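Novice: What follows is each chain in one-letter form.
There are 2 protein chains.
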Amino acid sequence: MKKIDLSISTLFPAFKWLKTYQISSFKSDLIAAFIVLAMLVPQGMAYAMLAGLPPVMGIYASILPMIVYAFTGSSTTLSIGPVAIISMMVFATLNPLFPVGSQQYIEAAYLLTIMVGVISLVLGLLRFGFLIQLISHPVIQSFIIASALLIALGQLKFLLDIPLQSNNIPEFISSLVKHIQELSLISLIFSCAAILILVLLPKFVHSVFLARIIPLIVVISSIIIVAIFDLEQNSLKTVGTIPSGLPHFYFPSWGSELAFKLLPNAFMIAMISFVESLAIAQATALQKRDDLNSSQELIALGFANIAASINNGFAVSGSLSRTVVNSDAGAKTPISGILSSLTMILVCLYFTGIFETLPLTVLAATILVSIWKLITIAPFIETWKYSKADGFAMLITFLGVTFIDISTGLIIGIGLTFIMLLWRVSRPHIAVIGLIEGTQHFRNVSRYDVITVPTIASFRIDENLSFLNAHVLKGYVITELSQNAEIRHVIINCSSISNIDLSALEMLEELNKELARLNIKLHLSEVKSPVMDRLRKSKLVDELTGEIFLSHYQAVQSISPIEKN
Amino acid sequence: MKKIDLSISTLFPAFKWLKTYQISSFKSDLIAAFIVLAMLVPQGMAYAMLAGLPPVMGIYASILPMIVYAFTGSSTTLSIGPVAIISMMVFATLNPLFPVGSQQYIEAAYLLTIMVGVISLVLGLLRFGFLIQLISHPVIQSFIIASALLIALGQLKFLLDIPLQSNNIPEFISSLVKHIQELSLISLIFSCAAILILVLLPKFVHSVFLARIIPLIVVISSIIIVAIFDLEQNSLKTVGTIPSGLPHFYFPSWGSELAFKLLPNAFMIAMISFVESLAIAQATALQKRDDLNSSQELIALGFANIAASINNGFAVSGSLSRTVVNSDAGAKTPISGILSSLTMILVCLYFTGIFETLPLTVLAATILVSIWKLITIAPFIETWKYSKADGFAMLITFLGVTFIDISTGLIIGIGLTFIMLLWRVSRPHIAVIGLIEGTQHFRNVSRYDVITVPTIASFRIDENLSFLNAHVLKGYVITELSQNAEIRHVIINCSSISNIDLSALEMLEELNKELARLNIKLHLSEVKSPVMDRLRKSKLVDELTGEIFLSHYQAVQSISPIEKN
Numbered sequence: 013m014k015k016i017d018l019s020i021s022t023l024f025p026a027f028k029w030l031k032t033y034q035i036s037s038f039k040s041d042l043i044a045a046f047i048v049l050a051m052l053v054p055q056g057m058a059y060a061m062l063a064g065l066p067p068v069m070g071i072y073a074s075i076l077p078m079i080v081y082a083f084t085g086s087s088t089t090l091s092i093g094p095v096a097i098i099s100m101m102v103f104a105t106l107n108p109l110f111p112v113g114s115q116q117y118i119e120a121a122y123l124l125t126i127m128v129g130v131i132s133l134v135l136g137l138l139r140f141g142f143l144i145q146l147i148s149h150p151v152i153q154s155f156i157i158a159s160a161l162l163i164a165l166g167q168l169k170f171l172l173d174i175p176l177q178s179n180n181i182p183e184f185i186s187s188l189v190k191h192i193q194e195l196s197l198i199s200l201i202f203s204c205a206a207i208l209i210l211v212l213l214p215k216f217v218h219s220v221f222l223a224r225i226i227p228l229i230v231v232i233s234s235i236i237i238v239a240i241f242d243l244e245q246n247s248l249k250t251v252g253t254i255p256s257g258l259p260h261f262y263f264p265s266w267g268s269e270l271a272f273k274l275l276p277n278a279f280m281i282a283m284i285s286f287v288e289s290l291a292i293a294q295a296t297a298l299q300k301r302d303d304l305n306s307s308q309e310l311i312a313l314g315f316a317n318i319a320a321s322i323n324n325g326f327a328v329s330g331s332l333s334r335t336v337v338n339s340d341a342g343a344k345t346p347i348s349g350i351l352s353s354l355t356m357i358l359v360c361l362y363f364t365g366i367f368e369t370l371p372l373t374v375l376a377a378t379i380l381v382s383i384w385k386l387i388t389i390a391p392f393i394e395t396w397k398y399s400k401a402d403g404f405a406m407l408i409t410f411l412g413v414t415f416i417d418i419s420t421g422l423i424i425g426i427g428l429t430f431i432m433l434l435w436r437v438s439r440p441h442i443a444v445i446g447l448i449e450g451t452q453h454f455r456n457v458s459r460y461d462v463i464t465v466p467t468i469a470s471f472r473i474d475e476n477l478s479f480l481n482a483h484v485l486k487g488y489v490i491t492e493l494s495q496n497a498e499i500r501h502v503i504i505n506c507s508s509i510s511n512i513d514l515s516a517l518e519m520l521e522e523l524n525k526e527l528a529r530l531n532i533k534l535h536l537s538e539v540k541s542p543v544m545d546r547l548r549k550s551k552l553v554d555e556l557t558g559e560i561f562l563s564h565y566q567a568v569q570s571i572s573p574i575e576k577n
Numbered sequence: 013m014k015k016i017d018l019s020i021s022t023l024f025p026a027f028k029w030l031k032t033y034q035i036s037s038f039k040s041d042l043i044a045a046f047i048v049l050a051m052l053v054p055q056g057m058a059y060a061m062l063a064g065l066p067p068v069m070g071i072y073a074s075i076l077p078m079i080v081y082a083f084t085g086s087s088t089t090l091s092i093g094p095v096a097i098i099s100m101m102v103f104a105t106l107n108p109l110f111p112v113g114s115q116q117y118i119e120a121a122y123l124l125t126i127m128v129g130v131i132s133l134v135l136g137l138l139r140f141g142f143l144i145q146l147i148s149h150p151v152i153q154s155f156i157i158a159s160a161l162l163i164a165l166g167q168l169k170f171l172l173d174i175p176l177q178s179n180n181i182p183e184f185i186s187s188l189v190k191h192i193q194e195l196s197l198i199s200l201i202f203s204c205a206a207i208l209i210l211v212l213l214p215k216f217v218h219s220v221f222l223a224r225i226i227p228l229i230v231v232i233s234s235i236i237i238v239a240i241f242d243l244e245q246n247s248l249k250t251v252g253t254i255p256s257g258l259p260h261f262y263f264p265s266w267g268s269e270l271a272f273k274l275l276p277n278a279f280m281i282a283m284i285s286f287v288e289s290l291a292i293a294q295a296t297a298l299q300k301r302d303d304l305n306s307s308q309e310l311i312a313l314g315f316a317n318i319a320a321s322i323n324n325g326f327a328v329s330g331s332l333s334r335t336v337v338n339s340d341a342g343a344k345t346p347i348s349g350i351l352s353s354l355t356m357i358l359v360c361l362y363f364t365g366i367f368e369t370l371p372l373t374v375l376a377a378t379i380l381v382s383i384w385k386l387i388t389i390a391p392f393i394e395t396w397k398y399s400k401a402d403g404f405a406m407l408i409t410f411l412g413v414t415f416i417d418i419s420t421g422l423i424i425g426i427g428l429t430f431i432m433l434l435w436r437v438s439r440p441h442i443a444v445i446g447l448i449e450g451t452q453h454f455r456n457v458s459r460y461d462v463i464t465v466p467t468i469a470s471f472r473i474d475e476n477l478s479f480l481n482a483h484v485l486k487g488y489v490i491t492e493l494s495q496n497a498e499i500r501h502v503i504i505n506c507s508s509i510s511n512i513d514l515s516a517l518e519m520l521e522e523l524n525k526e527l528a529r530l531n532i533k534l535h536l537s538e539v540k541s542p543v544m545d546r547l548r549k550s551k552l553v554d555e556l557t558g559e560i561f562l563s564h565y566q567a568v569q570s571i572s573p574i575e576k577n
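Which chain is which? The protein sequence lines are A and B, in order. Following the numbering used here, the residues of the first sequence are numbered contiguously, the last one being 577. Following the numbering used here, the residues of the second sequence are numbered contiguously, the last one being 577.
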């Protein structure tokens, strides 16, 4: 059991790089900071909108959490802030509870965020980073693709300016059919123009820097066009009043009934935030040789979300697009993240007014274009080719997310992988084995040309023995015996068994007794030390009619030597 | 995939023994039938009462189900009818829904019973007999002990004649504290007398036959005493009016909302009924050399419960006490069961009047005495000694059943065993291995005195590789390498791996790449055929920096031969 380590250097890995920070790194960090900022402004507002929250909350969520992460996280380039999938999960959690955009909705978002933070922090302090293993790669992959699809569909609400539901596909289709005739032509024109520019322009721009700031250029241009043509009068929906000034420190009000309702989703958001951030951090850590620690990342995400909650933001995580940009732009240390956050404060103080006439269609277009790349069926096909079981888990997760909702789909996917694992354990591979001529190795008689002795039946079970599969082994042995009257010895090769539970031990005791009645001896071979320790505690060792051998070869040789040809 | 077999000889195993029935068996069958009948009358009424149903339903449930089982079941001695634990589960299911004893309660009991029957029948026809594996022995054992305790406590309601709740222990204690002062003295006297006689008398009776019918003698005596002293006037509660005549054929009314509510418990009752019956049938099958078939038993239990439902009975299962008596008394074929059912018809027609003045305290005493033997802590201690995990599962199941309720406790117990199994899979045993001198065998370096080569690190993971444990292996390898700068080759011994999922494969690909960057080659040894088939479908085989060897010995020899001393 590991101890909970609360020393300062553990909780704040920043002390390591702060001590050795060189002024030469500052220039690279500053340049990276500005490029990230240019992405962060439109992304922050767009993702807040995706979460059903006022766009300014996306700006707020980009300040303090990033600074907090810089001091507590172990990755040097991870960019923390609003991200699409987490925002979507926030929306899916709160949408059924309160009217979108109401004060209650916003309050609940603060509460949800602090819960995500506290859950991450506690799991991190308890060194529960291993929880990430509970979710298999195919399920995560499918979850991200399905969520991206829902997010993309959700943008049509703004692109067409009609009230669409997008918690799942059936809801989406029925609301689309109902409202399609109400679509706003001016929104449609703006949408198409923005999407075309966002998709096509990067193909003509060869500077990586320019390509990165295209969304910001589109945003600014659209604001100018709206002003010139006075389009706000023509019912084009815009971001609207943004309070200028810094976010307030504010501790969310705590309703225990509401908190209880939010708990399962807060847990799922914390897990997904963790899975996403760690995957992104790992991808860049290989290049930077960062010393990542999964539990430390949980702690840092915990602090970042608590910071988001008490500073008028909402749930944050590591952003793939911004982290890649930050890293590519030459960020050397987390100072880069701190610099982009500090610049964001200037935006808050002096430039929020600019964004008040930004059309919502343009923000939606930036989300749609950035998320569209994630939607692909290639991973489904590749996974299906390798393993039907993993492919099936992907498919069910996808259907669960798109036809029920984002959290339920994920839970179904995770549950299914557990059930399939138990199913596999309950259907162990059992082989009758024989000797490969000229060696001491035994292999499956149905796959290899091997030597067997008529009076001996050798079995190997390729799974730990437990209540789930003990019956299967017994049934297999008895069926084999009923077809071969000559057999006087059964040897069970235990080389794949490293654990044996009480139910399985009782099965072996029963099998031993039943075979004894038929005058057949039961032997064991290649019993691993931990299993042997277990057997010694039981009656089986005393009652066993046969012997326990170190190797299967020894067992067969001592019972009935195989003649050497 | 097995086909669903609907041929007559499969659905009705009775054809086998009917063809060869000898008249000499008839005498043994008849004697056994009468002894079982003497137990069945008081037990049937008592268990119906336990289920919150009119006692006569216990008599009805002892007629048709037994006859139906005789023709469809594969055990020759199993006695089918009302049993304590199933009755308790019926009570726990219906008690929260309707007032005990109301017409709605009785109707719901019919519906529940037909659902149990249909579930069993369908699972049996689908050959889902393997479902029995889902419940581990320790959980079943603990479930039975805990249920027996609740049943015993539940009898105090009748023994003291006060309104006690016994769905769980806290409820029981609070209602006992509240009502203890209302206890009826005359009930207490009757209870103590009946319990003393039932416990002590068998110690003085040396005839097995007489010992078996003591409950019937106590029942009859109590009826006579009530009549002589006119105790019914003195507020001693008795069975009350029993309609004479045969049960009616009646198809339960089907409410889909109610059916939906009953479904989870109907499933649990079907499973427990199956587990219990099969365990009892197996115990006697060994002696009788019956050819038991678990799916066939499910089918037979399905028919028996459907028969119980449409013939005014309630959920039935195999009774341990009556099966043992039936077998000991010399029953040769299921004709014994048919005979006791036919005699029960005579009881229905002519003798129900006798039981109307039977005191409820006496019925409760017979239940208490028969169930008391099951309540023991020895299995908990024995299991705990063998395995802390199994012992923990027993304890939690016990606490779940006694502190929440009978079905929830069982579900918690089953769920916990699954979680523990997944936990174990996620914490695989990994060993660094070395060569045992003079052999070709490799064993754990920390347990055996083995030879190792400084440039080679050999690992063995004792578990199938999946998303749950792939990270652990990678972490283990990397930690080991970071402590030994000399290592140039990593060999993973795959002898315990018989399955590898996509997440684990991706981990191996990553590990291969990361080791390549450090100029360390990754080799695999003793890869089983099904795993090799999997690897061939992936990129790993092409990208692997090292080789795949048939045996670990070959691997080490070909990389850096160990000198023979």
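By construction, these hints were calculated from the structure, which means they are not laboratory data. There may be inaccurate statements among the hints.
No distinction is drawn between identical chains; accordingly, a pair holds when it is met within one copy or between any pair of copies.
To be verified - No farther apart than 27 Å at their CA atoms in a straight line, the calculated lysine-lysine pairs in the DSS-like style are these:
no.	residue 1	residue 2
1	K215	K400
2	K31	K397
3	K344	K525
4	K549	K397
5	K273	K400
6	K400	K39
7	K39	K190
8	K273	K190
9	K486	K549
10	K397	K551
11	K31	K249
12	K169	K551
13	K551	K385
14	K169	K385
15	K486	K525
16	K169	K39
17	K533	K400
18	K385	K397
19	K344	K249
20	K39	K486
21	K169	K249
Computed from a prediction, not measured in an experiment: that's the story for all the values here.
Novice: Does each hint hold? Answer for all of them.
Specialist: Hints and how they fare:
{"no.": "1", "hint": "K215 to K400", "verdict": "neither (38 Å within a copy, 63 Å between copies)"}
{"no.": "2", "hint": "K31 to K397", "verdict": "neither (50 Å within a copy, 54 Å between copies)"}
{"no.": "3", "hint": "K344 to K525", "verdict": "between (69 Å within a copy, 24 Å between copies)"}
{"no.": "4", "hint": "K549 to K397", "verdict": "between (45 Å within a copy, 8 Å between copies)"}
{"no.": "5", "hint": "K273 to K400", "verdict": "neither (36 Å within a copy, 35 Å between copies)"}
{"no.": "6", "hint": "K400 to K39", "verdict": "neither (51 Å within a copy, 59 Å between copies)"}
{"no.": "7", "hint": "K39 to K190", "verdict": "neither (54 Å within a copy, 79 Å between copies)"}
{"no.": "8", "hint": "K273 to K190", "verdict": "neither (31 Å within a copy, 35 Å between copies)"}
{"no.": "9", "hint": "K486 to K549", "verdict": "within (21 Å within a copy, 33 Å between copies)"}
{"no.": "10", "hint": "K397 to K551", "verdict": "between (47 Å within a copy, 12 Å between copies)"}
{"no.": "11", "hint": "K31 to K249", "verdict": "neither (50 Å within a copy, 86 Å between copies)"}
{"no.": "12", "hint": "K169 to K551", "verdict": "neither (70 Å within a copy, 42 Å between copies)"}
{"no.": "13", "hint": "K551 to K385", "verdict": "between (62 Å within a copy, 24 Å between copies)"}
{"no.": "14", "hint": "K169 to K385", "verdict": "within (20 Å within a copy, 68 Å between copies)"}
{"no.": "15", "hint": "K486 to K525", "verdict": "within (12 Å within a copy, 42 Å between copies)"}
{"no.": "16", "hint": "K169 to K39", "verdict": "neither (42 Å within a copy, 83 Å between copies)"}
{"no.": "17", "hint": "K533 to K400", "verdict": "neither (40 Å within a copy, 31 Å between copies)"}
{"no.": "18", "hint": "K385 to K397", "verdict": "within (22 Å within a copy, 57 Å between copies)"}
{"no.": "19", "hint": "K344 to K249", "verdict": "neither (40 Å within a copy, 87 Å between copies)"}
{"no.": "20", "hint": "K39 to K486", "verdict": "neither (70 Å within a copy, 37 Å between copies)"}
{"no.": "21", "hint": "K169 to K249", "verdict": "within (11 Å within a copy, 71 Å between copies)"}
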